[in-house]
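Engineer: Residues per chain are reported as follows:
Protein chains: 4
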Amino acid sequence: MTASPAPAAPIKDVQGGADTRAVFINQVGVRALRLPMMFTEGAAPTPAAGEWACYTDLPESSRGTHMSRLVRVLHDTGEKLNFAEFCKIPEEVLTRLPAATECFVSVKFRAFANKRAPVSGERGYMDFAAAFYAWQKNGRRRNMLSATAPVTSLCPCSKTIAKYGAHNQRSHVSCALETAFPFRLLDVVALIEESSSCELYSVLKRPDERHVTERAYDNPKFVEDIARDLAVAAANQPGVLNYRVTAENFESIHNHSAFAMIESPDFPAALLV
Amino acid sequence: MTASPAPAAPIKDVQGGADTRAVFINQVGVRALRLPMMFTEGAAPTPAAGEWACYTDLPESSRGTHMSRLVRVLHDTGEKLNFAEFCKIPEEVLTRLPAATECFVSVKFRAFANKRAPVSGERGYMDFAAAFYAWQKNGRRRNMLSATAPVTSLCPCSKTIAKYGAHNQRSHVSCALETAFPFRLLDVVALIEESSSCELYSVLKRPDERHVTERAYDNPKFVEDIARDLAVAAANQPGVLNYRVTAENFESIHNHSAFAMIESPDFPAALLV
Amino acid sequence: MTASPAPAAPIKDVQGGADTRAVFINQVGVRALRLPMMFTEGAAPTPAAGEWACYTDLPESSRGTHMSRLVRVLHDTGEKLNFAEFCKIPEEVLTRLPAATECFVSVKFRAFANKRAPVSGERGYMDFAAAFYAWQKNGRRRNMLSATAPVTSLCPCSKTIAKYGAHNQRSHVSCALETAFPFRLLDVVALIEESSSCELYSVLKRPDERHVTERAYDNPKFVEDIARDLAVAAANQPGVLNYRVTAENFESIHNHSAFAMIESPDFPAALLV
Amino acid sequence: MTASPAPAAPIKDVQGGADTRAVFINQVGVRALRLPMMFTEGAAPTPAAGEWACYTDLPESSRGTHMSRLVRVLHDTGEKLNFAEFCKIPEEVLTRLPAATECFVSVKFRAFANKRAPVSGERGYMDFAAAFYAWQKNGRRRNMLSATAPVTSLCPCSKTIAKYGAHNQRSHVSCALETAFPFRLLDVVALIEESSSCELYSVLKRPDERHVTERAYDNPKFVEDIARDLAVAAANQPGVLNYRVTAENFESIHNHSAFAMIESPDFPAALLV
Numbered sequence: 038m039t040a041s042p043a044p045a046a047p048i049k050d051v052q053g054g055a056d057t058r059a060v061f062i063n064q065v066g067v068r069a070l071r072l073p074m075m076f077t078e079g080a081a082p083t084p085a086a087g088e089w090a091c092y093t094d095l096p097e098s099s100r101g102t103h104m105s106r107l108v109r110v111l112h113d114t115g116e117k118l119n120f121a122e123f124c125k126i127p128e129e130v131l132t133r134l135p136a137a138t139e140c141f142v143s144v145k146f147r148a149f150a151n152k153r154a155p156v157s158g159e160r161g162y163m164d165f166a167a168a169f170y171a172w173q174k175n176g177r178r179r180n181m182l183s184a185t186a187p188v189t190s191l192c193p194c195s196k197t198i199a200k201y202g203a204h205n206q207r208s209h210v211s212c213a214l215e216t217a218f219p220f221r222l223l224d225v226v227a228l229i230e231e232s233s234s235c236e237l238y239s240v241l242k243r244p245d246e247r248h249v250t251e252r253a254y255d256n257p258k259f260v261e262d263i264a265r266d267l268a269v270a271a272a273n274q275p276g277v278l279n280y281r282v283t284a285e286n287f288e289s290i291h292n293h294s295a296f297a298m299i300e301s302p303d304f305p306a307a308l309l310v
Numbered sequence: 038m039t040a041s042p043a044p045a046a047p048i049k050d051v052q053g054g055a056d057t058r059a060v061f062i063n064q065v066g067v068r069a070l071r072l073p074m075m076f077t078e079g080a081a082p083t084p085a086a087g088e089w090a091c092y093t094d095l096p097e098s099s100r101g102t103h104m105s106r107l108v109r110v111l112h113d114t115g116e117k118l119n120f121a122e123f124c125k126i127p128e129e130v131l132t133r134l135p136a137a138t139e140c141f142v143s144v145k146f147r148a149f150a151n152k153r154a155p156v157s158g159e160r161g162y163m164d165f166a167a168a169f170y171a172w173q174k175n176g177r178r179r180n181m182l183s184a185t186a187p188v189t190s191l192c193p194c195s196k197t198i199a200k201y202g203a204h205n206q207r208s209h210v211s212c213a214l215e216t217a218f219p220f221r222l223l224d225v226v227a228l229i230e231e232s233s234s235c236e237l238y239s240v241l242k243r244p245d246e247r248h249v250t251e252r253a254y255d256n257p258k259f260v261e262d263i264a265r266d267l268a269v270a271a272a273n274q275p276g277v278l279n280y281r282v283t284a285e286n287f288e289s290i291h292n293h294s295a296f297a298m299i300e301s302p303d304f305p306a307a308l309l310v
Numbered sequence: 038m039t040a041s042p043a044p045a046a047p048i049k050d051v052q053g054g055a056d057t058r059a060v061f062i063n064q065v066g067v068r069a070l071r072l073p074m075m076f077t078e079g080a081a082p083t084p085a086a087g088e089w090a091c092y093t094d095l096p097e098s099s100r101g102t103h104m105s106r107l108v109r110v111l112h113d114t115g116e117k118l119n120f121a122e123f124c125k126i127p128e129e130v131l132t133r134l135p136a137a138t139e140c141f142v143s144v145k146f147r148a149f150a151n152k153r154a155p156v157s158g159e160r161g162y163m164d165f166a167a168a169f170y171a172w173q174k175n176g177r178r179r180n181m182l183s184a185t186a187p188v189t190s191l192c193p194c195s196k197t198i199a200k201y202g203a204h205n206q207r208s209h210v211s212c213a214l215e216t217a218f219p220f221r222l223l224d225v226v227a228l229i230e231e232s233s234s235c236e237l238y239s240v241l242k243r244p245d246e247r248h249v250t251e252r253a254y255d256n257p258k259f260v261e262d263i264a265r266d267l268a269v270a271a272a273n274q275p276g277v278l279n280y281r282v283t284a285e286n287f288e289s290i291h292n293h294s295a296f297a298m299i300e301s302p303d304f305p306a307a308l309l310v
Numbered sequence: 038m039t040a041s042p043a044p045a046a047p048i049k050d051v052q053g054g055a056d057t058r059a060v061f062i063n064q065v066g067v068r069a070l071r072l073p074m075m076f077t078e079g080a081a082p083t084p085a086a087g088e089w090a091c092y093t094d095l096p097e098s099s100r101g102t103h104m105s106r107l108v109r110v111l112h113d114t115g116e117k118l119n120f121a122e123f124c125k126i127p128e129e130v131l132t133r134l135p136a137a138t139e140c141f142v143s144v145k146f147r148a149f150a151n152k153r154a155p156v157s158g159e160r161g162y163m164d165f166a167a168a169f170y171a172w173q174k175n176g177r178r179r180n181m182l183s184a185t186a187p188v189t190s191l192c193p194c195s196k197t198i199a200k201y202g203a204h205n206q207r208s209h210v211s212c213a214l215e216t217a218f219p220f221r222l223l224d225v226v227a228l229i230e231e232s233s234s235c236e237l238y239s240v241l242k243r244p245d246e247r248h249v250t251e252r253a254y255d256n257p258k259f260v261e262d263i264a265r266d267l268a269v270a271a272a273n274q275p276g277v278l279n280y281r282v283t284a285e286n287f288e289s290i291h292n293h294s295a296f297a298m299i300e301s302p303d304f305p306a307a308l309l310v
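Chains as they are written, first to last, in this note's numbering: chain A, 38 to 310; chain P, 38 to 310; chain B, 38 to 310; chain D, 38 to 310.
Chain A on its own, in the form it takes in the complex (with noise of 0.2 Å):
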């Protein structure tokens, strides 16, 4: 009905305009894109879906960015990934765009790991919020992988005060690494149980119960001691050049949560905005 003149062909490049408000921006680009993934870390892939966010610069001149290009590559590279993989993503989006002269990718998936009951040995899937992050500026690259586990925290201040007991709880720990050469996402993971009070695991026969039970009250933790624990041990790791662990303790006496970060000096926190 409202019709108007026909569109000129070829259709017009708005985007490609030229631009007069003299302003460079940062970052430009899609996020909240989700595609399936195949997880290829381990012996056996495992099956995620992946969210990403692919920016670029824009310089000062230009109106748009072509946001369509960037799907593009994300489609095409994240079928079958990994860590070593992804780090290449950058390289790939400045080639299809010239005009940007730097890249920020990150994909978050939650990945699994097949794990043991530590009596019976009954086997279970355990899941992890996961991010690799990667960013390029003029041949320069940072790489950053990050998991966030769940484990168990066990007061040392509530067992020695109390006659008997000790209050623990849910916690989340998180490691992201700024490394040099591929990391391993369970490697990182491992790392992260291994500075708790006890690790998580999702099936659980009453021997195995009584274990992890015990073994938490052996091995009390402040959300201090979890995170001091984590960053020695993370920055002892080969090829770790930067890294900010945290730990969150929903405290099953407090509706809110104790928590602690320690970070190295040169951590590159604006890669996680």
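A hint or two may mislead.
List of simulated lysine to any residue pairs, SDA-like, C-alpha gap at most 25 Å [as the list claims (entries may be wrong)]:
#1 P:Lys-125 - P:Asp-303
#2 P:Lys-145 - P:Phe-218
#3 D:Lys-200 - A:Val-51
#4 P:Lys-200 - A:Gly-158
#5 D:Lys-174 - A:Asp-303
#6 A:Lys-242 - P:Lys-200
#7 B:Lys-242 - A:Val-51
#8 P:Lys-145 - P:Thr-185
#9 B:Lys-49 - A:Ala-154
#10 B:Lys-117 - A:Val-51
Note that these hints are calculated values from the structure, not bench results. Since the model is a prediction, treat every value here as computed from it, not as a measurement.
We have chain A; now place chains P, B and D onto it with these hints.
Structural biologist: Chains P, B and D only, in chain A's frame:
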């Protein structure tokens, strides 16, 4: 630029047009509408941000509802609110939309209670997820209020089978009550807290922490126990027509939840969907 | 340190004890259990991370259920999954927990479809929220599958009353079907997309963007229209016993949603709670 | 049953013990602490539920912090709050925890503005995501306030290349300002709304809907345009030391977002992590 004929004055009522598909609509209206409110149940009104949903039915013959009227009613009633005043909203909505025969309204907000720590007496705010629901049709009305409170649960199995300690964790326990007459939200919270291994507090000094640690250890409860004790308490409240209680333990030894639910036979589950 | 008497061997079955409160439990089990899965409906299996819930009833006389058996069943069936296989789970659960008479199970995951852009034919993945539900009691079983797809909605009122343009927005449209025999999830998605002003795509080139812009403008729909068109389509599918359709517009002119819902009279809403 | 020796009186201060790992902790404290508050910026205080985080550093030699003191400070200052009062909190925290040299505090809440519809003048509340941040170390303090407002964005490319119509959608646009002196949150919201294709309203009558439809169509903006116009406006505000602006379009033609970000060179991104 793409000029089209100017619309006739007065502006056409497109929603008011007839519909030929002959399909009755069960619910149509607005949701995710956030409004400031003062919750006026107790001595001191407490501030909150309410998230509202409000729907009516729509007859086969009408194409659309008048959403702005629903928004108007919610704006006019939300500023000072308690459960008794909330329950009057469907009547007001049905007066303003005469074509409707049925109205559903709900509001969800975070409620606060100023509690004293069990030994030191230190004051601090605890927060709870609260919801009110009302439905009216042809003069029949059903009213429901719901609270979800965080509590401590301590596992009886773990306590029994381990040489020392017992896994415990934060749990979310909910109680939804269909009531014949107004009921106080903080009385629902009290029912929940009394059914748990121990209640939570915002500020705890060391003597308080010792107290809650020992209290939980002395009072172990499965998720089934919490649900049963709460169901019995809810059923015994004067004026309660129906109830639904749930307990969800964010297990400190697993990365999944243990869950239990008990409801009375005529509980109106459809109001929660 | 706080040594207590060593537990007797074998380890006591605390959950298996008797209960004297005489309270039947409607649902007890696990939720928020995440497992990797390959969704095997189409030609190419697509990876997913499923989030599971599984409950049975518990008789008055039993104190606790055996949660680890539920977890075991879900682990054993989740790795390759489609709706037909999912529907067999309650039978398996009831075999493993003979005291139970009733079983509810659900899994939620993000499903993907590889779609072609409407003009350029460029391929790209679209993602949808998917859920399967099954309930069984005394040999009676009810099966339900649900999809929620993002679509474009364009407002007929805005188009009519404005000289040019029309507000449009992303909408989430859901369709839950209780079915007599297995139904394909991507067929549910197709019903939803056909009921909208326009469907969405991951990769769009300029000719595609022109197409979807004009398509939506030529096809304006209220939230009521989408719900009605989808309800008619759902009711006409062979094998559909009950349906519930919803449309939620994240209005581009408001900060709240417009919402409509139509359900068949015997739709089992309690399965969704 | 598992009796252990009674604790010595007075109760041991476990957190106050010495630590031998020699690891400095950057941040330790509480998060996800929710408190009621009246936001007192404008003529009429508006109710809110604030979610707080508050951390200090912890020297190498101390094992744990005193979390309950942090909770006490937040309780004592949160009840009536505006940005100027918020900025005093780090000073108070550092007084109460003399071992700390550095303090970070943030509060997030939903703020409301009572707006008039553009033609009819009907009043209604709009809500915005608000956050305050403050950091202090050795007498240096950085203060930041942030608002995220929903707006309409209308795509210039779609408008240009289509014969009629143009895709538009709800967008979330944020503006975080580091300021030399107190700044009003609702003034930040105004900057955001002026940078969009059209602002949103809670109550719109038909003449209002015609107005906002045409206003957006007359004022098409890419996500890049919104970010640039807002960055220029933010940079020109008196007292603004640093800024970070973002625009995220929940594209009505895709299931992912378009995103742009511009920040000043010294923006303290670490405060947002």
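Engineer: Look at each hint and say if it fits the structure.
Structural biologist: Right, here's what the structure says about each hint:
Of the pairs offered as hints, the one joining P:Lys-125 and P:Asp-303 holds, with about 23 Å between alpha carbons and a cut-off of 25 Å not exceeded. As the CA atoms of P:Lys-145 and P:Phe-218 are separated by approximately 20 Å, the hinted pair is consistent with the 25 Å bound. Taking the CA atoms of D:Lys-200 and A:Val-51, the gap is near 15 Å; set against the 25 Å cutoff, the hint holds. At most 25 Å may separate the alpha-carbon atoms for a hinted pair to count; P:Lys-200 and A:Gly-158 meet this at roughly 21 Å.
Of the pairs offered as hints, the one joining D:Lys-174 and A:Asp-303 holds, with about 18 Å between alpha carbons and a cut-off of 25 Å not exceeded. Proposed proximity of A:Lys-242 and P:Lys-200 is supported: the alpha carbons are some 16 Å apart, at most 25 Å. Of the supplied pair hints, the one linking B:Lys-242 and A:Val-51 holds, its CA atoms being roughly 13 Å apart against a limit of 25 Å. Restraint check for P:Lys-145 and P:Thr-185: the C-alpha separation of about 11 Å stays at or below 25 Å, so the hint holds.
Our distance criterion of 25 Å between C-alpha atoms is met by B:Lys-49 and A:Ala-154, whose separation comes to about 19 Å. Straight-line distance between C-alpha atoms of B:Lys-117 and A:Val-51 comes to about 46 Å, which puts the hinted pair past the 25 Å bound.
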